[in-house]
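The hints should help you fit chain B onto chain A, whose structure is shown.
Protein sequence lines, in the order shown, are assigned to chains A and B. Take 1 as the starting number for the first sequence in the numbering used here and just add one per residue. Take 1 as the starting number for the second sequence in the numbering used here and just add one per residue.
Hints were generated in silico from the structure; no laboratory data involved. Don't take every hint at face value.
[What the hints assert, rightly or not] Derived lysine-lysine pairs resembling DSS-like cross-links, with alpha carbons at most 25 angstroms apart:
| hint | chain 1 | residue 1 | chain 2 | residue 2 |
| --- | --- | --- | --- | --- |
| 1 | B | Lys16 | B | Lys40 |
| 2 | B | Lys16 | B | Lys41 |
| 3 | A | Lys25 | B | Lys83 |
| 4 | B | Lys83 | A | Lys107 |
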Amino acid sequence: MENVTKAPASAVAAKTARDKAFWKKGLLIAIFSGFLYGGYTSFMTEGMMHGVWNDIYADVPTGVAAGVSAFFIVYTVSAIGAACVDIGSAIWSLFYGGCIGQLGDFKRTLATKPGKILIIAAIIGGPLASTAYVIGLQMAGSIIVPIAALNAAIGAIIGKFAFKQKLTPGMIVGIVICFIAAVLIGSSSMTDLNFSGGAALGCLAAFCAAVGWGIEGAVGGYACCMVDTEIAIIIRQCTSGLVNAVILVSILSIMGGDGIASGWRVLGACLTDMPSMWMLFVAGVFSSWSFKFWYKGASMCGAALGMGCNGAYAFWGPFWCMIICGFIFGHDGFVLPAIGWIGALVMVAGILILAISQNKATMQQE
Amino acid sequence: MRPLFQEVLYLYTDGKERSRQMVQDELRDTYGNFRFFKDKKMDEALHTAMSNGLIGESRYELDENGELVMYYQSDQDMIDLIKNYIK
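Looking at chain A on its own, in the form it has when it is part of the complex (with noise of 0.2 angstroms):
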């Protein structure tokens, strides 16, 4: 492609002030997500601490989960609690994809390929990605959170090969200094670290948490180039919600040996519950937001910066959780120490040094 004719130093400066509006658009959106996320975090951790939850994670399950096995009550619930916020997402963001006249189009790009892209990029980075990351906690314990932060990381890898976006050293460094964040933030966190024979089961669990949402976040970035925020939203949570709720309760219903049934009536249990479920939907309407404007984020400022802004739901997520859990329902256990605080700053210098490198690299290449 040949370069810019030249023009006028009105229109260069007209130009230069649009580019940067949209950059600067960009990274405000990236940023949100990850603040969003911890929106999403707070109501999904306190809305599992009420109603028919209280009966699930009782030391001896009672009511509907009366008799259930220990792999249902770590691994099957976990899944019913993500098909709860998904399916509350869902129904959130077809609702407002309606109000906003996008479900005709939503229709038309199910049968398109990047439709399809956005199906299988929801698969690997929604259910597949959140169990192998719940397995992983449950055989490696909590030294498994820096290695699950190294999905940043992946999905700028991910960018630069699959679609040529730019990674340059000091965008490198920046993602870097994100991750050491992440694991600081995460490390508050590592108190039951073990190296027994299934860590290193459970450490390749995580790893390939961070690979799926490192595909999600860079294909699924990529794909909004071509589909509009909105439609791939109701596209991801439809097929995230779809996935948990149908496919992989039953699947770990079957394998924990308690049958499909019990899975889907704890899920019916869970999804009627109100006492809960309010706050689930709420969960469901900020995953909503996150996941979009982690999309957008990835599509506007490329998967690198898009990803490595979205990273910083590694705070955003611990301090959500001492506003909602801690401080307005009064659960103890939720104060942020100082190494979050620590965390922050430190990722807001990475989050610093990899905007202005991905900048430079943009005014470079023009």
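Frame of chain A, contents of chain B only:
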């Protein structure tokens, strides 16, 4: 009928140069009533496609009202890329 943004990109597979206004003029009959057919949304969609290498900036100028007008065009690599995703 393709989704709006995919139709916008597919227009560029003929290799011709177009501004946002020219794209809207070509698609107005079919997509004119779409809420996302508005100038701002279309400008952002074209800018995002440009950032991801599906179309390229060919030139720009100020119109009689002093508004910036961007022109985009796709080279053969970009056309192949668009056709790889959009049929």
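Against the structure, the hints come out as follows:
{"no.": "1", "hint": "Lys16(B) - Lys40(B)", "verdict": "holds (22 angstroms)"}
{"no.": "2", "hint": "Lys16(B) - Lys41(B)", "verdict": "holds (22 angstroms)"}
{"no.": "3", "hint": "Lys25(A) - Lys83(B)", "verdict": "violated (29 angstroms)"}
{"no.": "4", "hint": "Lys83(B) - Lys107(A)", "verdict": "holds (21 angstroms)"}
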